[in-house]
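Sequences are here, hints too, so could you generate the full structure?
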Amino acid sequence: MELNGEQLIAAPIPEVWKGLNDIDVLAKSIPGCEEINRIAPEEIHAKVMFKIGPVRARFAGKLLLSDIVEDQSCSMAFEGSGGAAGFAKGKSRVELKPADGGTLVCYTTEASIGGKLGQIGGRLISASAKKIADDFFQRFAAELGGEIIPLEDVPTEE
Amino acid sequence: MKSAAFDYVKPGSLTEALGLLAEAGEDARLIAGGQTLLATLNMRLSEPSVLIDITNVEELKGITLDGKHLRIGALVTHTEIEESDLIAKHAPLLKAAAPHIAHRAIRNLGTWGGSLAYGDPAAEWPACSLALNATMIIHSPSGERRVAASDFFIDLYTTSLEPDDILVATEIPIADSAQVFCFQELARRHGDYAVAGLAAVAQKQGDMLTQCKFIFFSVGATPLMAGKTQSWIDGKNLNEQLIVDAVKTAREEIEVIADLTNSAEAKQHLVGVLLERALKQMMA
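If you read the sequences in order, they're chains A and B. Note that this note's numbering has the first sequence beginning at -16, numbered continuously upward. Note that this note's numbering has the second sequence beginning at 25, numbered continuously upward.
I should point out that these hints are in silico values taken from the structure, not numbers from a laboratory. Everything numeric in this text was worked out from a predicted model, so none of it was measured. Not one of these hints is a red herring.
One side only, chain B facing chain A, incomplete, derived with CB under 10 angstroms:
id : residue
1  : Glu50
2  : Arg53
3  : Leu61
4  : Ala63
5  : Thr64
6  : Arg68
7  : Gly143
8  : Asp144
9  : Thr182
10 : Gly244
11 : Ile281
12 : Leu284
Derived coverage of chain B by chain A (criterion: at least 3 residues anywhere in the stretch with Cβ under 8 angstroms from a Cβ of chain A; other residues may be distant):
id : segment
13 : 69 to 77
14 : 171 to 181
Quick reminder that beta carbons are idealized off the backbone N, C-alpha and C, glycines included.
Here it is in structure tokens:
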């Protein structure tokens, strides 16, 4: 599964960068986050309760950061296990770009999902992932005291 | 696989059911037909502590005609809708849609209210309720409230229902003699979830359609109303060119989400195919 997107957040780049690296901000932004710990500067462990439709699955996972360029971009690899429900793993790249009215957060993600969740949830995995990403950015923007600006409203410079 | 252990209660009235639900909070799940919930429990994708079986609650049963509205209780099964004379006469779109829902065994048990409350974007009833301007009647410990179908489906599997709410029934304005409709879905096999579907309703006056409602389902996170396409068609004489333009408008305005087997482009194409078929059928 691939999930690519961009979100405009009404906050300057250094603030967005700081937020993305602050586990307290992340804890409040990740939907269903129950526990999050930074084990090493580039390793984060988390427990997340996913609630989508009929599914309630608790995932324990870890996140490894790499290629970190401050205020610009980073890559991350993640894997999580939800016991009987299944597992997810993949990698993601995040880039921050200056934009009118704030910071454009661009992300590309490649993930694979297996186990029961993959078998019966396959039909709506993409839609679910998009919903989780949207929820995350909404909460994240609120944590930074800003808001998400709908991209259609942004004048493009091209 | 078998489900994890849970408690089971079967209240005899709506008040009792609401009380039990308020008490147990988010750990409780309501069960009626169980056609989605039981599979989820057995796969252990969800482990609620208590199931509240609402199938004895009289207030949730039956299809009744009340003046200019049809009231469909939340516990009415898909088969009851398929076979009801009141539905055939006053909400024929539902009769046309019912046979598309899964298979007979599932239609015998699965319920109208269950399908609406679950809010699966591929399901038939959420799309039909939007096309027919349905109103959801919802009870909570603080009383009754009414929510238009257009405000009910919020996001993927997300409705405006709160954890202590019970969807009691739905009211649908009855069809008059000028109503035309079309229900179409494209699925790989009959009974599968649709790759794309359309519930269409309009009033027909000569060569014109007015008060058009085109609801596409199984293409996005919720059923999607084609507002621009509806206004484009509304009140104009229907001809080949208008249909071509409408198909183009619908393909542009409906924001489809790809799934694992169908690309966004494929779904977008099917949106147009469905609309063209529906318009031709409604004008025939």
